[in-house]
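Visitor: Take a look at the letters that make up each chain.
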Amino acid sequence: AQKVTQAQTEISVVEKEDVTLDCVYETRDTTYYLFWYKQPPSGELVFLIRRNSFDEQNEISGRYSWNFQKSTSSFNFTITASQVVDSAVYFCALSDNRGNKLTFGTGTQLKVEL
Amino acid sequence: GAGVSQSPSNKVTEKGKDVELRCDPISGHTALYWYRQSLGQGLEFLIYFQGNSAPDKSGLPSDRFSAERTGGSVSTLTIQRTQQEDSAVYLCASSLSPSGYNEQFFGPGTRLTVL
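Protein sequence lines correspond, in order, to chains A and B. Per the numbering used here, the first sequence starts with residue 1, numbered consecutively. Per the numbering used here, the second sequence starts with residue 1, numbered consecutively.
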């Protein structure tokens, strides 16, 4: 069975601080995909990034960066110089190769204050 | 282009009534998913449709829940004899094809309140 754990329930930071959201996953599959989604107060889940199990290259996109480490089954997400608009719930999710469903973590509520 | 749409956006019903929730996926997307988001359970998978294949119903919590997808496009999730524990936001998502690689695009959800 697949499992995603987001141990951080809520994080509060002051604007311009860097913040890292943790995600740990469990799967027996050798091919799988990891995702981060953002759910702003409006409620709609927005796709941020995907990584496949064979691609451990970390990536930076603007203020966002991701750190995927198979050795520790972690897929962490960092926001640099956080802004108030980053306030949202962030979900880490896992899919197998068949794509029949996403298994979500419980989400991390990020609050960025002035 | 148009995203995933869901209707109604809010639904309030009395315990024991049946409800129908509708989802319009992105045009051309062959895979369609229903999830439920509630305070106690987080985001849970309910059911998955792919083309004309038999749906994966493994996430449906009881036989009061059913769903269909007509013509490979619009889907309806039906909850019969609603209970208070059915109160949640029901999210629909679609993806280009049923590969784990493809991201799922989510609709705005239907907030169901059972009184």
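Do not rely on the hints blindly, as some may be mistaken.
[Said to hold, decoys possible] Cross-link-like lysine-lysine pairs, in silico, DSS-like; alpha carbons within 27 Å at most: (1) A:K3 - B:K57; (2) B:K11 - A:K38; (3) A:K38 - A:K16.
To be clear, the hints were calculated from the coordinates, so they are not data collected in a lab.
Visitor: If a hint holds in the structure, say so; if it doesn't, say that too.
Guide: Now for the hints, and whether the structure bears them out:
Between the alpha carbons of K3 of chain A and K57 of chain B the distance comes to roughly 19 Å, so the proposed pair stays at or under 27 Å and holds. Taking the CA atoms of K11 of chain B and K38 of chain A, the gap is about 24 Å. The hint holds against a cut of 27 Å. Under the criterion of a C-alpha separation no larger than 27 Å, the hint pairing K38 of chain A with K16 of chain A is consistent with the structure, at around 19 Å.
Comparing the model with each numbered hint stated earlier shows that all of them hold.
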